[in-house]
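> Sequence:
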Amino acid sequence: MKKAAGSLPDAAHFDLKSLSADYPLLARIGAEGPDQKLHWREFTEAPHWPFGPPVKDAPVAESIPPLSVKRVVNAFKETLESGIPDYFETTSWLQGGRTVSLARLVAPIAAGAGRELIALWEIMEPPAAP
Numbered sequence: 015m016k017k018a019a020g021s022l023p024d025a026a027h028f029d030l031k032s033l034s035a036d037y038p039l040l041a042r043i044g045a046e047g048p049d050q051k052l053h054w055r056e057f058t059e060a061p062h063w064p065f066g067p068p069v070k071d072a073p074v075a076e077s078i079p080p081l082s083v084k085r086v087v088n089a090f091k092e093t094l095e096s097g098i099p100d101y102f103e104t105t106s107w108l109q110g111g112r113t114v115s116l117a118r119l120v121a122p123i124a125a126g127a128g129r130e131l132i133a134l135w136e137i138m139e140p141p142a143a144p
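Converting from the sequence shown to this note's numbering requires adding 14 to each position, the first position being numbered 1.
Where hints are given, some of them may not hold.
PhoX-like cross-link-like pairs, simulated, lysine-lysine; straight-line CA separation at most 20 Å [stated by the list, open to error]: (1) 84 with 31; (2) 31 with 91; (3) 31 with 51; (4) 51 with 70; (5) 70 with 31.
Worth flagging that the hints you see were computed from the coordinates, not collected in a lab.
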């Protein structure tokens, strides 16, 4: 993979449409305006997102559960600003009597003259009981 300035992979190398078969919860996130508010740039057309569905060019905070907004947005901004290539978190909850976990991996990428994020969510469920 070609590297962009600053050794970050270039956003052009992430074709979300082709990657969606293997990674159905994949998105590109960018920052806008003087306050660097995070917005959805591009995302896969997943049948079900584990939080509010992303809306192109809308603020990321509008899709994140209210109790998680500050933590998630701050983590994304820290990753974007630091250039550290990944961020991982697991959250678990009870759904239908089973524990479901959500893992998130975020990495900065080069986009134009700045940076964006590529973010992947993965839902992990234990196998069904026989």
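> Keeping to a limit of 20 Å between CA atoms, is the pair of residue 31 and residue 91 held or broken?
Judged against 20 Å, a Cα distance of about 25 Å means the pair is violated.
> Please work out if residue 70 and residue 31 have their alpha carbons no farther apart than 20 Å.
Distance ~15 Å between residue 70 and residue 31 Cα, so the pair holds.
> CA of residue 51 to CA of residue 70, is that 20 Å or under?
holds, 14 Å
> Given the proposed pairing of residue 31 with residue 51, does the C-alpha separation stay at or below 20 Å?
violated, 25 Å
> Given the hinted pair residue 84 and residue 31, is their alpha-carbon gap at most 20 Å?
violated, 29 Å
In this structure, the earlier hints numbered 1, 2, 3 are contradicted, and the remaining ones agree with it.
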